[in-house]
Amino acid sequence: MIEELRIRDLGVIVDSTVPLGPGFTAITGETGAGKTMVVSALGLLMGERSDAGAVRAGASQARVHGIVRTADPAVADIVDELGGEIEDDELVLSRTVSAEGRSRAGVGGASAPVGSLGRLADRLFAVHGQSEQLRLKSAAAQRDTLDRFGGAAIAETLAEYRVSHRERQLLSERVRELTETRDERAAEAARLRAELDEIAAVDPQAGEEAELAARIELLSNVEALRASTSAAHEALASESDDPLARDAGGLVDEAVRELERVADFDPRLAVVVETLRGVSFQIADAATELAAYAGDLDEEGPGELARANDRLAALNGLFRLYGADSAAVIATAEAAAERLAELDGDGGLVDELAERLDAETERERALAARLTEQRTEAAARLSQLVTAELRQLALPDAEFVVDVAESSALGSSGGDDVQLLLSPHPGAAPRAIAKTASGGELSRVMLALEVVVAAVDPVPTFVFDEVDAGVGGAAAIEIGRRLARLSRTSQVIVVTHLAQVAAFATNHLQVVKDSAGGFTESSCRRLDGDARLAEMARLLSGLSDSESALEHAAELLSLRESV
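For what it's worth, our numbering labels the leading residue of the sequence shown as 247, then goes sequentially.
For the record, the hints were derived by calculation from the structure and aren't laboratory data. The model shown is predicted, which means the values in this text are computed figures rather than measured ones. Treat the hints with care, as some may be off.
[Stated by the list, open to error] Straight line, CA to CA, 25 angstroms or less: simulated DMTMM-like cross-link-like pairs of lysine to aspartate or glutamate:
| id | residue 1 | residue 2 |
| --- | --- | --- |
| 1 | Lys-681 | Asp-663 |
| 2 | Lys-681 | Glu-652 |
| 3 | Lys-759 | Glu-430 |
| 4 | Lys-759 | Glu-276 |
Sequences and hints are given; from them, build the entire structure.
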């Protein structure tokens with residue numbers, strides 16, 4: 247519930263604290279005093295759109311600050327998500343609207359998006375005014391009202407139905423997409439097969455192009471390589487029969503022999519001999535390797551260079567089409583194969599999805615039928631209970647009917663069209679409340695609905711603005727009595743101009759205007775005792791000191807004891 251509301255620079259209200267609290271709070275005041283600004287302030291705390299024109303003339307901004315007492319875990323989760331805090335079940339909400347139209351919100355001491363106030367309001371408040379009466383005329387709002395009354399049974403079925411409805415939509419869309427794009431997907435599959443065949447014909451290996459480039463370089467210079475390696479081999483180990491030919495190996499061996507003859511005379515020469523012997527072995531190994539290398543060159547056929555160039559050309563052809571190198575081409579082929587497998591499975595996939603679609607459609611229809619059954623049963627009970635309430639609200643001959651009819655198609659809320667109908671007197675066929683109910687009758691229908699529905703689905707706080715529009719006398723008394731009963735389970739805040747309604751309040755607030763100084767300012771005060779009697783008398787007769795009006799006011803106040 248809302249414990250306190252502070253309003254600054256909103257409309258004609260300069261700075262006023264509105265003490266609310268539990269039970270039934272009635273807000274009264276003269277025309278133009280600013281009663282509707284209290285409702286507007288509550289609307290701002292509930293995330294409604296702000297209006298820069300509502301900022302008091304001369305002020306830079308309007309501010310609304312509310313203290314709400316709640317133990318709702320869902321509310322606590324939202325506040326925690328926004329970075330705010332609830333201390334001792336007390337939540338502070340705020341809203342600021344600048345004269346330029348900018349708006350800011352606060353939740354639990356933290357700045358928050360204005361939209362977050364609306365999320366909290368859905369859990370905390372129900373506001374009823376002329377705009378809500380218009381909303382109740384919509385088919386969706388009427389169905390939602392019936393579903394609220396239906397309670398957990400309808401809520402569970404509706405939640406299950408919506409899951410099935412969404413799944414059926416997704417399956418239907420997927421089957422439609424696969425069916426409509428069948429030719430395109432077949433063409434894509436043919437293209438992928440051609441690509442894979444082209445790549446497979448070349449069969450690139452990772453890193454192959456670098457090896458080919460090196461081999462082409464070798465084969466292009468094979469004669470120079472052969473000549474150089476032969477000359478080097480001859481220099482190291484000559485195979486010539488010329489006795490004057492001298493090679494590196496022979497010279498080193500000759501040096502070893504010469505030193506061996508004198509090594510015994512000086513141990514240092516033995517070290518040199520060992521070094522030269524190692525050199526001799528290395529020269530021999532190098533000569534052997536050069537001979538083997540020259541032999542390999544001799545084995546290269548004349549067509550090897552052409553074959554290597556042809557292979558590199560084939561690879562480059564793939565690179566231009568499918569990637570910068572062999573690794574990229576291989577990756578392209580793998581992706582194409584994966585996609586082709588998916589496309590080749592389309593035929594079976596369509597059949598599988600079609601079977602799932604048929605099954606989900608049957609499930610959706612079954613759940614819709616269960617919803618219709620539950621709504622029909624709830625509609626009968628709601629019709630009976632609201633009719634009984636209307637007879638206590640000075641509509642003794644009225645009959646309220648909730649009609650549940652099958653719609654042409656299944657939607658997100660099932661397959662039912664729900665209409666709230668009213669027959670105001672015997673013999674009149676029930677007609678849609680939007681067409682048959684007057685303003686006063688519609689106000690009473692709304693109140694009767696809330697009283698009945700709140701018994702099943704209570705709302706922490708109800709705010710009524712002009713719920714008594716177009717009524718008076720006995721009907722107004724019954725409205726007051728019903729509001730008092732509603733306040734047993736919920737906080738009820740009512741802006742009213744009728745003493746018959748205000749008499750049943752446990753908390754009576756008066757919005758007072760002061761036009762001194764050439765401009766109007768308003769404030770709010772709690773009324774008790776004689777002050778409340780005087781206000782009641784003013785509401786009844788326009789005169790706060792009329793003896794007859796005061797007596798009538800006292801009589802009305804005594805009715806509260808009968809609730």
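Each hint, compared with the structure:
no.	hint	in the structure
1	Lys-681 - Asp-663	holds (17 angstroms)
2	Lys-681 - Glu-652	holds (21 angstroms)
3	Lys-759 - Glu-430	violated (74 angstroms)
4	Lys-759 - Glu-276	holds (8 angstroms)
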